[in-house]
Amino acid sequence: MSLWRQVTYGFRRLTHRAAADEDAADEVQQYFEEALAAAKARGLSSEDARRAARLESGNMTVVREQVRTYGWESAVRIIASDLHYAARQLRSHLGFSIVSVLTLALGIGASTAIFSAVDPILFEPLPYPHANRILTIWNSWQGARSELSFGTFQELAQRSRSFESMTIFEPWQPAMNGGVQPERLEGQSVSASFFQVLGVAPALGRDFQPSEDVFGGPKVVIVSDRLWRRLFHGNRSVIGHPVKLAGDNFIIIGVTPRGFEDVLSSSTDLWTPAQYDTRQIGKDFTTPAWGNHLRMAGRLRPGVTRAQAIEELDQIARTPRPEFARPRWASLRGGLIVDSLQDDIAHAVKPALIAVLGAVLLVLAIACVNVVNLMLARSEQRRGEFAVRAALGASRVRIIRQLITESLLLAALGGALGLGVALAGVRALVALSPPGLPRVDAIAVDGVAFAFAFGITTIIGVLTGLIPALHVSREEVQPALQQSSRRTAGGHAWTRRALVVTEVALALVLLVGAGLLLRSMRRLLAVNPGFDTAHLLTLQVQTSGHQFDDLASAPGSGESARRRFFRQALEAVHQVPGVEQAAFTSLLPLSDDPSWVSTYGAHFENDDPQGGHNVSRYAVSPGDCQAMGIPVLSGRCIDEHDAATAPQAALLSESLARSQFPGQNPIGKRLHVGPTDRPWYIVVGVVGDVKQTSLAIDAPDAVYLSTEQTWFADDTLSFVVRTRGDAAAFAPAVKNAIWSVDRNQPIVRVATMDALLAVTNAQRTFVLILFEAFGIVALALAAVGIYGVLAGSVVERTREIGVRAALGASRSNILALILRDGMRLTAFGILIGICAALFASRALVTLLYGISYLDAIAWLGVVTLLTVVAGVACWTPAWRAARVDPSITLRAE
Amino acid sequence: MNESNTDVIQGTLDMLILKTLSLEPLHGFGIARRVEQISRDVFKVNPGSLLTALQRLERSGWLDSEWRQTENARRAKFYRLTRSGRKQLELETADWTRRASAIARLLRQEG
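From first to last, the protein sequence lines are chains A and B. Residue numbers for the first sequence follow our numbering, beginning at 1 and rising by one. Residue numbers for the second sequence follow our numbering, beginning at 894 and rising by one.
Careful, some of the hints might be misleading.
[Unchecked claim] Chain A regions said to be covered by chain B (calculated; three or more residues, Cβ under 8 Å):
1) 650-659
2) 846-855
[Claimed, not checked] No more than 25 Å apart at the CA atoms, straight line, and that leaves these computed lysine-lysine pairs for BS3-like:
3) K980(B) with K40(A)
4) K912(B) with K937(B)
5) K970(B) with K980(B)
6) K937(B) with K40(A)
Hints in this document: simulated from the structure, not taken from any laboratory. Glycine residues also receive a C-beta, built at the ideal position from the N, C-alpha and C atoms.
Taking the hints into account, I'd like the entire structure generated from these sequences.
Set out below in structure tokens:
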């Protein structure tokens, strides 16, 4: 009841302020009239009565004020008037307000966005129970991670004691027919214990059973929540029902929980048991169980440390046992690479993320320095104002409250805008994020990061904003009042100069990073991929269906069906108007085609029996060199004559030809690729090297064969179509041409070569764009800082400049005086910045291509840029100083 | 800023106002005069303290107020005790009596 009255009375007085004030005034007025009347009634003259009444009741104005300021609403009213005044202040100093708010917004927004993006990858625990117990295990090849074989997995799983459960997994991309268009699904074929390793159980249905992960076991799948909703509309009765994948019926046995993330391969929608045939594993190294194409993970037993597990696995790798035979490529001689799951998924992107995180912290630091600088500049200007207010009787508390209100208003505006920048920034980051960035779906604006960035800028802003209030108390009002007109150098000049030097130094560090990355990108884009990327459309086609299975009665019938389909499809593509050339290849350069699938041993006739080379095997159609634009250096390309029954032709890449046959003509030499029990391939030509993985990675040795003459028919081939004009526009027509041969064959990756090229550079582009953006922000903030300090110092030194001019200093003298002042600050900043950047840019080394982190052009360019921008920032104040008219300045004082 | 120049014992002003209004509704000056008269001018009431105390009591729900004519035909804001105000007066009276008699006992003993 009484609380209710407190609130409603207060609100009534807030909303009907005039009426409430009048009511209070009337009551006080009436009180004094009654007092006067009472005094008169005692028989006093009107003059005496008035005096008596005033003596008894005191000053009416004071009483009225006392009554008027009663209640909580009066505090609200004071805050409102503070806010009102603060808003007016900010409006009347629009330049200051805009720069401050933008500084805050950029600092808060950028750092929140970047931290939000980096956090789930580097810091936030993975979304699994005891995620720190999950390790990944890799084979090592030349010191780098490489896939391992099922045989290796079996040995490790049986010999090690550190793990509760272990699993292998590899991509499985079954085609699914029956939809509007045939499509390929992203799946993984895994051990039965896959979900146990992650510590996740299906939300619907059940997990795999060990009995299902045996050769010839039942065909079962677990589907993702995402796929379940898309294909089956979230129907719970789907469990136990078949789904047709790659021509076979698979029984759906489970659905993953909603929000389940497979961080090992984030786009996965299906899991099925791998069902390796292990019967021949100890005797026959040519079975699929010995192919190095599996990834492996394990969950540690409780209480076992990572170090113990690494030690144990190392021990196993070093001591082969007779009961676990190992082929040459699975000897484990290079040891194993064991990492925590979190580090493993982040390891490829970690240097880039750390660099970006460092860059954004620099931006935040510059923003903080700039806020301090702006507030100090402002407090210099306002000393007079606060002296006047103190002289007029404003209490110190009132002035401090006013200043805090102003700072908080700025901070709130900056924070609100910063939140907007963070939201937009996170969205832009996700859009820009390079493929292969793990956990992209988990990226969202991080509240803690926002609170941190907002908090730190606000605290700094409020503390700096209080400085004028300290002056009001520390100094006598009198000198402060005088100072406002005396225009001498302010007390914070030194601090502000130091701050500007800091800003320039921080900006330089960022810009050096941006410059180095820009230079590497230039270098990278100048790299010749070895073929012509323009006007090239690529489509990957994966054959699917039982028509491509070998019949027991006719071995090889499936393979010839496959070859026939691709031949006919290529024929159809040739008919599309506007298509100049077309071909297909088993391995598409600059695509995400996994290189391990296409790496085979090559053995030349003149090699010693133990030797050999790892080469990339390209199975191509006739005309591949022409369609791709790969130069034929000698001999000829694969053509129509290289049919199944013709002598087997091979092309060598330039580097392979040169290393194998230095100074000789390789044409006519003979080699085996893959199995050695087949007829020799005869070298018919040498073609230029092609960058396979990315522009930054040198091409491995390569051998090109005709698809008609390889020892197996690839089930997945990429069409390369050279078009007249925009390649992307041809996609529908080319797809329809392929489907005109067989409607049920999924076309799984359609992209122009230019788009694929952009993807291979995506991580570098991503880091470069961020560094450039941050570099520009830093440069702008530093320029604002220099300008602000010089402009302030010119205003403060107007009198001095006037005296100099009166004593005969020319305009150019004065211009030089101010410019020199500004450039000295810049030079100091650059010098300190160079020292800092020498350390900081070393962190970028792994991201650079083709240049050293001491690249002279980048460093000189950045120093020049910063100097020029600083010069421009100095020019305006210097120009203004040179225009000072001594007669006016001196007379004004 | 307020309360300093009143002679009313700290914390008793509310009780005195409630007591005064328990007899009949009065306006601010009427309350002040009544308190002074009944206390035989022992207590002087400061108008600032009185008027803010009236606001406080009204917001606590112990008083209601309305503007009406005084006997000499002027408009004044009259305060009236509410039912919960009456209860509050009983509480405060009991509390005061208890304390006053305790102090009186102590003083007698010392004397």
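Structure-based check of each hint:
no. : hint                 : verdict
1   : 650-659              : violated (count 0)
2   : 846-855              : violated (count 0)
3   : K980(B) with K40(A)  : violated (38 Å)
4   : K912(B) with K937(B) : holds (16 Å)
5   : K970(B) with K980(B) : holds (23 Å)
6   : K937(B) with K40(A)  : holds (19 Å)
Checked against the numbered hints above, the structure breaks hints 1, 2 and 3 and satisfies the rest.
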